[in-house]
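S.K.: Please put together the full structure from these sequences, using the hints given.
Protein chains: 2
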Amino acid sequence: MDRFQDSTPVADVHFNRMVIFGLGMIGGSVARSVRGRGMIGEIVAVDRCRENLDMAIKSGVIDSSEQDPVKAIEQADLVLLAAPVNAIIDLLGEIAPAVGDGLIITDVGSVKEKIVAAAGSALGRHFPYFVPGHPVAGKEKSGFAAASEELFLRHKVVLTPDPHTDSGALETVSAMWQAMGAEVQYMNCRDHDRILSITSHLPHVLAYAMMNYLTSADDPDQCYEMAAGGFYDFTRIASSDPVMWRDIVIMNRDRLLSDIRQYQDALDQIADMIARDSRQDIEACFAAARAARSLVTEKRRFPAK
Amino acid sequence: MDRFQDSTPVADVHFNRMVIFGLGMIGGSVARSVRGRGMIGEIVAVDRCRENLDMAIKSGVIDSSEQDPVKAIEQADLVLLAAPVNAIIDLLGEIAPAVGDGLIITDVGSVKEKIVAAAGSALGRHFPYFVPGHPVAGKEKSGFAAASEELFLRHKVVLTPDPHTDSGALETVSAMWQAMGAEVQYMNCRDHDRILSITSHLPHVLAYAMMNYLTSADDPDQCYEMAAGGFYDFTRIASSDPVMWRDIVIMNRDRLLSDIRQYQDALDQIADMIARDSRQDIEACFAAARAARSLVTEKRRFPAK
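Chains E and Y, in that order, are what the protein sequence lines are. Letter 154 of the first sequence, counting from 1, is numbered 154 in the numbering used here, and no numbers are missing. Letter 262 of the second sequence, counting from 1, is numbered 567 in the numbering used here, and no numbers are missing.
Worth double-checking, as some hints may not be accurate.
Below 27 Å or equal to it, Euclidean Cα-Cα: the simulated BS3-like pairs (lysine-lysine) are [as the list claims (entries may be wrong)]: (1) Y:K446 - E:K139; (2) E:K58 - E:K71; (3) E:K299 - Y:K604; (4) E:K141 - Y:K604; (5) E:K139 - E:K114.
A partial selection of chain E residues facing chain Y, derived with a Cβ cut-off under 8 Å [to be verified]: (6) A118; (7) K156; (8) I198; (9) P203; (10) Y232; (11) A287; (12) R293; (13) V296; (14) K299.
These are calculated hints, taken from the structure and not from any lab test. Ideal placement from N, C-alpha and C gives every residue a C-beta, glycine not left out.
M.R.: Quick look at the structure:
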């Protein structure tokens, strides 16, 4: 932690007026983080949930709230779209008419290709100042109450710039995330959506399906009783926000459906080995999976939540 | 923790000579636990792995090792079968001829019905002194190096007695686990295997399948890079011992295969909702899963590993 805070180039990035659309766990964590690190003048938030706004104003994390998106972005030098992925697309359309030259807009959506396309058609000549982003730092929690100044510390933030993206805007957004302790990585938006479908969207669907299957069992109560640490960790992401994840799976539908189909094939192969009592195949299959999992552990440079 | 240690009826249970077959994480944790709590005279271990035995003897956790199962159980008053499930069945056959009156034998196998049946035919008139057990306290780690004196603290231990099981033997084994801080629960061995198939065996297969599918992706390395906390927890059990789990899934084959098929149906239903862009159905389905997951959290009375 210290190492990251020491190396944080706080001086390099400062905003006079940041407008955050969606003051949930991610938007709220950005607010806490830029304020805590002295990177900000004024923070204005737009959120449907009055409770989030009041909590944030009381705690001094934001300065004010605004209902009208167009009024909110007046005088802003950075706009952060931290709403659910569908709302991000709607917001791009709503603020577009009021976007002035050089206003940097960035987002935190878990699906990027469709958001980039929507930004292109909504923002027109201002599109180069839209920097698509995705902090890969989710939790099963949600809402401003779950926001933390350290949420992004040692976590990946993927930015998916377009050939048209302004390099200055990209550097500014990249510096902002690095100042919060995040590790910024650039990626093509199609690659992002393909990879996140496998590492995030598919596991969420599998965990939701596991909980749904358990509730359909003869005696779910006894299953709950017997759920040990392994089951607890395996299903943790099934506690994720249903609305947010509904929109994510729909927005990345085609890739996700193909991953679900291919995952089912992988599962069928194991079922077939078990049906054949094929000890060698099962052991080889489990051993390969374990070896792959050990690579995940090695690549993991931040502590388990 | 203190509460459990205070309430531990150490005085109630003591063994003169405990023989542990299989000094892995579970067998080793029992050894550390009974020794640490002063419940034991002598501990003898039988294990193929010389390294486990030497480590345990050096650290004073066990007193000696023995290669011959029959010689090992001479003078024993408790035999703990802590080997993989198939090895437990083999061991029952090997020690049966040497089992004397009143010798209590218990096991820790993750599948119970077939082990109970094997014990019945192997032990004959001594069968009433076999107490089938399963500490629901696994970890993805294995081997004596992963053994801990506190592994069973606040964890469930399921005992699956038979109508023929001697009540005194059952009480002794139950007292032993409670003295280690575990919460003992009695269950029919068929119910045990049916429920654990859902809460443990199925999730392990699903996690192994997830890792195997990821390795088949176009660029697994980028997937490893993007794997965040959710993926890390979801796949933790894919680091479990391949040989141990090979034997478990084969031994509980029929129930597990039926659970895999029904899980595939639950997954198909979600895929269908996504294909239909059915926002309402997806949200309802994810919300139901999240509600079920919250019950798992509520029932969980021990801290997350």
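S.K.: Work down the list of hints and note, for each, if the structure agrees.
M.R.: Comparing the hints with the structure gives:
no.: 1; hint: Y:K446 - E:K139; result: holds, 25 Å
no.: 2; hint: E:K58 - E:K71; result: holds, 22 Å
no.: 3; hint: E:K299 - Y:K604; result: violated, 33 Å
no.: 4; hint: E:K141 - Y:K604; result: holds, 19 Å
no.: 5; hint: E:K139 - E:K114; result: holds, 23 Å
no.: 6; hint: A118; result: violated, 17 Å
no.: 7; hint: K156; result: holds, 7 Å
no.: 8; hint: I198; result: holds, 5 Å
no.: 9; hint: P203; result: holds, 5 Å
no.: 10; hint: Y232; result: holds, 6 Å
no.: 11; hint: A287; result: holds, 4 Å
no.: 12; hint: R293; result: holds, 4 Å
no.: 13; hint: V296; result: holds, 5 Å
no.: 14; hint: K299; result: holds, 5 Å
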